[in-house]
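Trainee: Next come the chains, spelled out residue by residue.
2 protein chains.
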Amino acid sequence: MIHYPKGIKKTQTIKLKESFSKRGMILEDDINITNQYYLDMDIANIHKKPTPITIVNVDYPNRSSAKITEAYFKTPSTTDYNGIYRGKAIDFECKECNSKTSFPFASIHIHQIEHLKRVIKHGGIGFIIIRFKYYQEVYFIQADKFIEQYDNYPKKSLPYQWFQANGHLIPFSLTPPIDYLKVIDALYFKETTHEK
Amino acid sequence: MIHYPKGIKKTQTIKLKESFSKRGMILEDDINITNQYYLDMDIANIHKKPTPITIVNVDYPNRSSAKITEAYFKTPSTTDYNGIYRGKAIDFECKECNSKTSFPFASIHIHQIEHLKRVIKHGGIGFIIIRFKYYQEVYFIQADKFIEQYDNYPKKSLPYQWFQANGHLIPFSLTPPIDYLKVIDALYFKETTHEK
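Order-wise, the sequence lines are chains P and X.
Quick note: the first sequence uses the working numbering, first residue 4, plus one each step.
Quick note: the second sequence uses the working numbering, first residue 4, plus one each step.
Just to be clear, a hint being listed does not mean it is correct.
One copy or any two copies: either way a pair holds, since identical chains are not told apart in the list.
[Unchecked claim] Under the rule of at most 30 Å between Cα atoms (straight-line distance), these lysine-lysine pairs were calculated in the DSSO-like manner:
no. : residue 1 : residue 2
1   : K185      : K98
2   : K77       : K193
3   : K159      : K193
4   : K98       : K193
5   : K51       : K98
6   : K52       : K103
7   : K148      : K77
8   : K124      : K103
9   : K193      : K70
10  : K185      : K52
11  : K193      : K120
12  : K70       : K148
13  : K120      : K136
14  : K193      : K103
Hint data in this document are derived by calculation from the structure and do not stem from the laboratory.
All values derive from a computational prediction rather than experimental measurement.
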């Protein structure tokens with residue numbers, strides 16, 4: 004609930020709503036802004052990996068520049084984000100969910116599931132951030148809990164209620180927009196937080 | 004020293020030599036083979052990041068395929084390799100060195116140096132793998148030691164002798180070709196090794 008100061012014009016309210024709505028479509032941007040904030044504030048070192056592509060042809064119009072003229076997207080073999088926080092390896096994937104009833108398992112590639120299994124096995128903190136657009140809710144889900152369902156749940160998608168019960172709601176803030184390290188603090192570093 | 008069984012033909016020896024020589028030019032391939040070995044043997048989960056590019060134009064000749072027709076290489080803001088080993092975040096850059104007397108600091112981008120500083124600060128294991136082609140030697144160099152020189156050494160390149168004295172020679176083996184985790188075991192996990 005946002006309380007506007009007196010005298011604010013209606014148009015501004017509409018703009019704000021639009022911006023909130025647009026925000027819904029760009030979870031990835033919000034995560035990137037959050038990671039940049041963590042980097043700038045010296046809290047963590049977490050980056051988005053570049054999109055994996057296969058380069059087929061490159062033109063060199065002059066010595067100092069190169070233009071890729073033919074390339075194709077590759078199936079990702081790992082998750083999109085990783086880095087370091089408080090000495091621990093951090094590794095996660097983020098996904099938007101359009102459905103208001105369930106999250107389709109097919110949204111996450113089998114290679115990414117295998118990768119997250121290895122992350123856990125080797126002692127990293129693996130998780131998934133899922134945004135349910137309809138509810139404007141962003142959940143932090145520990146990878147082991149999600150993978151248990153991925154491997155055993157009898158249907159092709161996991162109900163929204165499962166995320167409510169097993170995920171951790173990440174409250175929306177402005178700086179940073181998606182403060183997922185707060186959840187990590189609570190789950191993995193109970194004694195302290197990153198805000199000192 | 005390789006001992007050939009009787010009856011092996013000269014041509015095969017030459018081919019082997021060529022392959023060793025070619026190996027010299029492809030440190031990155033050897034690191035990738037090594038990482039795949041670590042992955043297959045469930046020793047570590049370490050990957051090369053995709054090359055960072057800016058995509059300008061994509062053609063969609065049909066619904067299921069996408070062809071990138073214009074893209075450009077970006078300056079890397081992080082190192083090329085990272086992952087997890089024994090619960091620790093691993094982060095490194097690898098470089099070939101053509102000079103037999105010194106390694107030019109300019110070979111490593113300032114952003115990568117800043118990144119490695121953050122890796123160390125947040126508790127990860129950061130390092131550089133440098134191959135001196137002339138000597139067919141591959142060195143493991145702890146990032147903090149290298150950065151100390153990068154920030155203070157009065158010349159534009161660091162002498163080969165410095166690497167001999169401060170680096171850790173990674174012996175060449177076949178599986179995996181560049182077993183850098185052995186150096187990490189010795190430096191960071193003195194009590195045990197990954198070979199049990």
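Trainee: Can you name, in rising order, the numbers of the hints this structure does not satisfy?
Mentor: When the structure is compared with the hints, numbers 2, 3, 8, 9, 12 and 14 turn out to be violated.
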